[in-house]
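Participant: Sequence:
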Amino acid sequence: MQQIDFYMVDAFSDTTFGGNAAAVCPLTEWLPDETLLAMSRQHNQSETAFFITTDSGYELRWFTTQGEINLCGHATLAAAHVIFEYLNHPETTIHFDTRFVGPLSVTRNGDWLTLDFPAWESEPVMPLPLLLETLGITQCQEVRVARDYMVVLENQQQVEAVCPNINAMIPLEKMVCITAPGDGEYDFVSRFSAQVNRYRKIRLQGQHIACSSHIGRTAWVKRRCSLARFPNVVVICAVNSLATECL
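In our numbering, the protein residues as written are 7 to 253.
No wet-lab data here; the hints were simulated from the structure.
Quantities reported herein were computed from a predicted structural model and do not represent experimental measurements.
The reader is advised that the hints may include incorrect statements.
[As the list claims (entries may be wrong)] Calculated lysine to any residue pairs in the SDA-like style (CA-CA distance at most 20 Å, straight line):
1. K180 x E74
2. K180 x A152
3. K180 x S128
4. K180 x I10
5. K180 x Q72
6. K180 x E127
7. K180 x C169
8. K180 x P130
9. K180 x A125
10. K180 x P135
11. K180 x V168
12. K180 x I58
13. K180 x V131
14. K180 x N115
[To be verified] Here are the in silico distance ranges between beta carbons for each label pair:
15. R105 x D11: 17 to 25 Å
16. V107 x T59: 16 to 24 Å
17. F23 x E179: 25 to 33 Å
The beta-carbon is built from N, C-alpha and C at its ideal position, and this holds for glycine as well.
Please build the complete structure, drawing on both the sequences and the hints.
Facilitator: What follows is the structure in structure tokens.
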């Protein structure tokens with residue numbers, strides 16, 4: 007029987023059981039999709055990252071307990087951590103090739119890892135009554151959609167006060183981010199929640215931090231704030247907060 011190592015990584019955290027956990031499995035070759043899915047279900051994490059070594063770097067895929075997904079930020083970060091710390095990657099940058107979003111890279115500078123992801127453009131849409139209802143609000147400044155719904159509120163206090171009804175989000179068939187301009191050193195603040203049958207189940211109480219949700223917002227924030235470069239980002243979870251740099 008083939009023996010496969012796997013790692014459990016707490017992304018976006020320097021404490022055990024903090025941040026957002028992901029399983030990481032280095033492979034020597036790609037296994038059948040049904041095997042990867044079975045392994046993901048065995049790990050029972052929101053995402054499992056699988057990768058193989060290639061001549062140009064690594065091929066990377068992400069699975070939830072329901073199937074393969076197009077992108078996962080925290081599992082990419084977790085995979086990069088494993089490659090740097092346990093597989094002794096000699097360079098400062100890791101290059102990933104992916105099925106759905108093309109090339110990605112992660113660069114190490116001291117204790118910092120910088121993820122270079124594509125910026126997804128979003129479009130304005132009319133607010134769905136169900137969307138606002140699931141967030142427990144009656145109005146917002148704007149609703150935009152890329153991969154996820156982005157609900158723009160007036161200020162950070164409104165973002166922190168939202169109490170979403172996670173179960174009611176199932177008919178939306180998209181994940182939901184709420185965001186607003188920051189009050190201090192950060193350009194904007196955000197929270198992320200979803201319960202989507204075909205992808206994954208995410209609950210705010212679990213302190214999940216959805217890195218990939220930011221790539222649907224950074225281009226919009228950059229234009230709105232007239233920034234020459236991507237801003238600093240603060241991610242607000244239900245019971246903790248975390249600052250990361252998005253370059």
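Participant: Taking the earlier hints as the rules, which of them does this structure contradict?
Facilitator: 4, 12 and 14
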